[in-house]
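Taking the hints into account, I'd like the entire structure generated from these sequences.
Residues per chain are reported as follows:
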Amino acid sequence: MEKISRTKERKLYYHSLRVTILSFVLLLGTLNVFAQSVSDKITVECNNESLATALKKIEKASKFKVLFTYNEVQSYKVSVSANNETVADVMSTVLRRTPFKYIVRGKFITVSKNVVVSKKKITGKVVDYKTGEPLIGATVYDTENKIGSSTGTDGTFSIIVPSNCYSVNVSYIGYNTRKVGVNEEKNYYITLSESVQSLKDVVITGYQSISKERSAGSFSLVKGSEIKDKANLKGSVLESLEGLSTGFNVNYSADADKYLIRGITSINSTRTPLFVVDGVPLSSDAIEEMVNNNDIESVTFLKDATAASIWGAQAANGVVVISTKHGTNDRKLKISYDGSVTYKGKPDYSYNDLMSSDMFIKNIKEIFDPDTYSWNSVTSTVDGLTGYYNPVVFPHEQPFYDFLNGTISQSERDAELSKLASQDYRSQYEKYFMSNAYFTNHAVSFSGGGNHYTYYGSLSYKGNKGINKDMSNKYALNLRQVFDMTKWLTLDLTFNASVDKSHGHVMPTMTNLPYLQYRDASGNLLSQTDTKLYSSYADNVLNVSGINLGFYPTQDFDNSFVHTNGMNLRANGGLTIKIIDGLKYEGRFQYYRSSSKTEQYQPNDNFDVLWERAAATTETGTQNLPKTGGWLTKSDAHDTDWTIRNQFTFDKNWQNSLHQLTALAGFEVRENRIRNYSNFVRGYDYQTMTYTLYDMNTLANTGVSTPLIQKSTNSSNTFSSPYFKEGDTRYRFVSYYGNVAYTYNQKYVLNGSIRVDQSNLFGTSARNQFKPIWSVGAAWHMSQEDFMSGFKDLNRLTLRLSYGLNGNSPDPGLGGPYDILNAYSSSLYPGAGFKIITPGNDKISWERTHVWNFGVDFSLFANRLSGSFDTYYKHTTNLLGEVPLNSVTGWFSALGNLGNMNNKGFELTLNSRNVQTDDFEWNTEFTLSHNKNKITMLKVETAYSAANMPYANYIEGYAANTLFSYRWAGLSNNGLPQAYNTDNTVVTKSNDMSDTKALINSGSTSPKWFGSLSNSFRYKDFELSFMFVYNLGYKMRKDLNYFHYGRVTENLHKDFDKRWRTAGDEKTTDVPAYSSSYNSACDYYLYEFADINVFNASFAKLRDLSLIYSFPRFVCDKLSCDNIRLRLSAGNLFMIRANKQGIDPEAISLKSGFRSDRYKPSFSAGLTINFK
Amino acid sequence: MKRYNIFNWSFICLLLVALCSCSDYLDIKPRGDEVAKKLSDYEGLLNSNSLMSLSYTRSTSGTSMTILASDIMSQYLSDEWITDAAGLKQLGNGSTMAGGGYGAVQAYEYNGDVFRTSDYSAAWGSIYSQLYIYNVVANGAMDATDGTTTEKLAVQAEGRVMRAYMLFLAEQFFGQPYDASTASTDLSVPIVTEASTGETSFKRATVKELYDYVTSEMEDACPNLPDKTVHRLRTYKAAGYAMLGKVYFMMGDYANALKALKIAKTTLSTDSSVYLYDYNTMLKTWGYKAATPEKFVSNSYPALVYKNMETVYSKSYSLTYICSYLFSGSLYVKPEFMDLYGANDLRRAFYVAKSRTGVAYPYMRPIIKSVNLGISLPDIYLMLAECEARTGDTTNAESDLLELRKHRMPAADAAIPSTVSSKDDLICFIVDERKREFLGTGLRWLDLRRLWNDSLFQTEKSGYTHTDGTNTWTLTKQRLTLRIPPIVLQWNTSWKDND
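In the order they appear, the protein sequences are chains E and L.
Sequential numbering from 1 applies to the first sequence in this note's numbering.
Sequential numbering from 1173 applies to the second sequence in this note's numbering.
Among the hints, erroneous ones may be present.
Here are the simulated BS3-like pairs of lysine-lysine, each with C-alpha atoms no more than 30 Å apart in a straight line [to be verified]:
1. Lys1209/L / Lys771/E
2. Lys711/E / Lys1479/L
3. Lys60/E / Lys792/E
4. Lys1607/L / Lys1058/E
5. Lys725/E / Lys1479/L
6. Lys346/E / Lys431/E
7. Lys1210/L / Lys989/E
8. Lys532/E / Lys1456/L
9. Lys1261/L / Lys532/E
10. Lys1668/L / Lys939/E
11. Lys532/E / Lys652/E
12. Lys1526/L / Lys1461/L
13. Lys1461/L / Lys1434/L
14. Lys1261/L / Lys365/E
15. Lys711/E / Lys1526/L
16. Lys725/E / Lys1668/L
17. Lys939/E / Lys1375/L
18. Lys1456/L / Lys711/E
19. Lys1210/L / Lys725/E
20. Lys725/E / Lys597/E
21. Lys101/E / Lys186/E
22. Lys1020/E / Lys325/E
23. Lys711/E / Lys1261/L
24. Lys1668/L / Lys997/E
25. Lys1668/L / Lys711/E
26. Lys1172/E / Lys1160/E
27. Lys1461/L / Lys1400/L
By construction, these hints were calculated from the structure, which means they are not laboratory data.
As structure tokens, then:
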């Protein structure tokens, strides 16, 4: 009874699962019919019976319809006793002694007479679709007769098949299997494309490579070939990883964290993932410098505790592991070339929403106020100008004052103003200060190997033209070699070197007043001194000191320069010794060094130099700074990083793979040292290399009294630019780690890992540092179970569960049981001075992130559809930060543990091979990530008030980066901003609000949903692919007019023109009134942080589109190439966005609403040649 | 065979790394950072920019600092100021960080709520954060690993004297003025004698407890102070005793004040680095021209307190927003205060009624940018004179007063007027001299507190007013203390705030 009901239950379960899968299939619109299979098991019993009877019995036992001619088979007697054997076996047994054969077609088994068939010879070559390289050891077999062969070292094959063979199956590990029609007897050229799916079977953690089946962790893997073209278009390796893995988010917005894995897990410590190249951490900058996008073999994203905890205290934000290419054994020298040119252009000026000269002058006319800013006050004090220390009268004010002073008539004034209104600064600015950005990339790579030696190398050039007439050139060399010294000893050695040189100019400090001109119609320089200093002062400077304060920005720009020379070196060597069966020792050493030298020079006639010289001149004309020569700054930066690692790995199978064990234990020592120096000299002549001495001590301490121009609010100008600066930071780490993966019967997987990191946390006792990072995980390959064998179309189903702890440690010298003193030199005191930079705190502890992950991997319909789903929960405790203290202690705050937060979400990846025929292929990949963040506890120094809440990034009870806004109540009838208080009364000041409940939560600036949709099509020699990326469910502030009072010193936002002017305007506008001086009755923040100015930042962009043409065979052959490919691609061709304000959410600071540079679509052309 | 060789090699590799990973490897100190161990470390803590002024800064990332507040509110409470609506508006344009702003206007209008919920107080913040450093020195110097006992005691004494003086300054802003009859119940500020961030409960000491602690700590430590100083930013015997004298002076204990001040004066008599400037000769040197007094705004007058030869010990605050000639004026000096100067009093030279380009405005002192709350020589002379006058020694009082006056005006004008005939007249004249000497600095605030109950100065009180031309605000007894900033109160909810 019980048994039956359980069977029923199971059937019900299968049924429902089947329904689920079916509906899933329908949902995806992929056609697939459930077919019978000859591997179904049946039980048939017949003893010396007629063949016809036997076949009928088989028909009955199986679900096949067996077709035969009764008369033909009647005379044959057969015996079979099959107990739970496959249909195929049974059929073979039955027909063994008969002249019949059978063919399976769908639901039918056709039994027919064996005829002697003629044979044909099929020959051909199997190559990689993209590179044209021959594939060695690919399997080719006749689909009908199961006759097959494999390809040789040159990729060729030859098989003799019955003439009824119409197609062959071609397969190769890591490539999509293809069925190729072979009607004719000829030489076939067969291309296979790499399977995105198959290579994902190996995960690389940086410490080991392990087959995916044996890990319970959450990984995603991206192949180098997917990155290469994208990186050429973007000019960045890491940016091009966008959209290729779930959970990994690339944010371009100005104030966002650029790279994030699974949300924000720290407030004050590092939030970026750990980047690792060939097993050793490198900074994201170093990766862009060192790694050529052609050389990347694969990138693995380690997302959960089990995946990442091997990286210990650095892994709380996830890990990105980059592996570079290596050579292949038994391969002759292969050379390939890859080059591209990408055009980016200039930023789109109109995106900034600034006024035209015309609109600007119109508004100046409206707001000019000689009562508040009298001629007397503006020419004698800095009235109304913040950041200025000397009187200034701007060109757009001069005509008004001239008219009031009676020196010009009204018509002359208007004529001057309309002249300004007709001048456009931008076209001149773009001409004299800007250039179109583009980058070029050329790389030649070579690889090969013999029996005991493989190599891969590349030489590359990168040229990068910037938008400010700056250019950088980089040359890089990469060589990776593996030596199999003996059967048990392998050495590998990788060497990278790159040299880069860049040059640019020093941008003069200019205002962007829209009417300014740099040169007149005939190209003569125009001075902009008026924007810096009132002319009578400038004249006085000239008369007294002979210093001509002419400000010619284009000349200053052209004559100044910034040169940078950089050099990066990396040597990475490894030693592998097989000690006994399964046990290996691995030693690894990496040394990385980058150094850059920067030289910046501003010559004698540079305005900044002249200005400083005037500020150091007394009103009687005594010059205290050198009268000739310019400013030279030389700075050096060195980053040295070395790692030594020793580890033992054990990898063994027992009882025919019933037990599989992989274990790893090791330790590692690492040092990272960052040093920099800078030197500064005044009065330097670059050509003659001479400089003039002056009294630096007096200038720094006493300063210059009664100077010609003011440098600050102080009554004497002091000059304390540092002559020599040095910085030196050293981080040292010692780590011990271990990792075990056990698999039973290829079905059940258990993982565990542990790591202890200790670092030179200055002022911290070692006791506090013993914080093991650990994880455990389990996986179940359900599809391997017998009871799953009924699901023929389910190729793979794996469940994974993991839990663990990751950490994030404070920086050295920040927090510990002792007061940390920082030395500094001050000319005021005798002897060294010390400041207490952190008070003692013996309770400080590391940030700890507990991570749960549950995942499902599946693959359906002969791997046509595959994907994975992960859901995670991360709980971070002991967030590091400035913990508020009772200020009576002498500290308002000190570094400590101040709160907790959590992240939860899920991720879905779907890969589908929609169509696959000889000529046409269509693949789709879809990724979706969801992340929800919440700060569950956070200590703050002062409770937030309604006035300062909008500035807070992290507030207890809300997601990180939540925007808080005032509820806008419109403008008052005199144009002042108003908002609703908690009780819905209208207030005009945030200070009048009763509490923070008056504000509303407008949502977070971190996307809740993000991901990508990629499609690639191949038709014969053409390939088209494109990727959409999307970020959804987040908010941003809009850019606004921030100018509400005071004098105009720069161009204004167009919204200023929409401001409240007279009573009644409040019905049509929300832009507050302008007042000539600060109106203390007015609280502009009510407007700037109003809810009406928060918008949905969601968008989807066509991130890249590329079209690739592979040259036909005969052309390649003629040119002695395996393959030639031409690529045209475009970036950011169009965008769908949720806001109607024309804002590109990737070109704005989401939090403040300030727009940043936005570029039009970029275009790239590339060529790849693989030589024979 | 070979295999064993390799084993050996890998073993050596392992050993090498194991050696590296012993604890020494992790014990490197970041260059530039230190933990206090040696006496020079404690000395170094005293050679600190953080102790220079009453500006409240905080380290942001590592060693860079942000100024949270630098505006000492008492400067706006002093009775010498006058302004108009425009000036008050200009005052409001500032910020607590740089000077002026909301709190400045509230203070000028004698409103109690000078600090809003999120406002930092420069006085509270800087005093208690400096107290932490002085406590580190006072409590740690004797444990230094090197130095003789005398050397250690000297460094310790600096820490002790200064922590006492910092508490005394905090009392001047946030505690009730000293009144012997109520001092044991009047509330002052908490006495903190340990450098600890772990402490969470503090209580406000009574005024008596505070002065008892301050005076006994200073009496105890002053004898150990070094005789000479290396810099005006470091305390030594003369400065220590003068500070002690100032504490007694503020308590109205003129006899004890006199004792301490006399020691200070004796010590100073042999110190050539501290002297009074003779304005009769110096004004010209500083660039003053009688024909163009308004140009005497930026010159070589040593406006920075620690560079001024009259400074004994410098603990300064900034007056930028009242005094800068770069901005339109905010607060001016009342005409009746200007009238206190004799026609030939050279201190007048510092006040102008015109901007440097000739725009007329009320009297302003544009030259000072920092004010000394530490000890200056004129202050010692004036305190001495008053103590002597109050204790009946009018002869010495007059001679001390004369000593200062003759450095400020031609000798012919320096003599004390004959109208000053009685002891009380002399006391009043000395207090007026204090006004003349410290006009336009806000230092008068301390005298307003000290003399509030003094019978000689009750009639003056009607003049303790501020105006903007239309409104008038009067100083009351409650406003002699600032309220505790809410940012501090929220941590110490059990405290009773000032009225």
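Hint consistency between Lys60/E and Lys792/E [alpha-carbon to alpha-carbon, up to 30 Å]: holds (21 Å)
Restraint status (C-alpha distance of Lys346/E to Lys431/E at most 30 Å): holds (11 Å)
Pair hint outcome, Lys939/E versus Lys1375/L [Cα-Cα no greater than 30 Å]: holds (23 Å)
Agreement of Lys1461/L and Lys1400/L with the hint, judged by alpha carbon distance not exceeding 30 Å: violated (37 Å)
30 Å Cα cutoff - pair Lys1526/L, Lys1461/L: This hinted pair holds, its Cα atoms lying about 14 Å apart.
Pair hint outcome, Lys532/E versus Lys652/E [Cα-Cα no greater than 30 Å]: violated (76 Å)
Agreement of Lys711/E and Lys1261/L with the hint, judged by alpha carbon distance not exceeding 30 Å: holds (26 Å)
Distance restraint between Lys1668/L and Lys997/E, which requires alpha-carbon spacing of 30 Å or less: holds (28 Å)
Hint consistency between Lys711/E and Lys1479/L [alpha-carbon to alpha-carbon, up to 30 Å]: Cα-Cα ~20 Å, so holds.
Pair hint Lys725/E and Lys1479/L, alpha-carbon separation not exceeding 30 Å: Roughly 27 Å between the alpha carbons, so the hint for Lys725/E and Lys1479/L holds.
Pair hint Lys725/E and Lys597/E, alpha-carbon separation not exceeding 30 Å: holds (14 Å)
Pair hint Lys1261/L and Lys365/E, alpha-carbon separation not exceeding 30 Å: holds (26 Å)
The structure fails to meet hints 4, 7, 8, 11, 13, 16, 25, 26, 27 from the earlier list, while all remaining hints are met.
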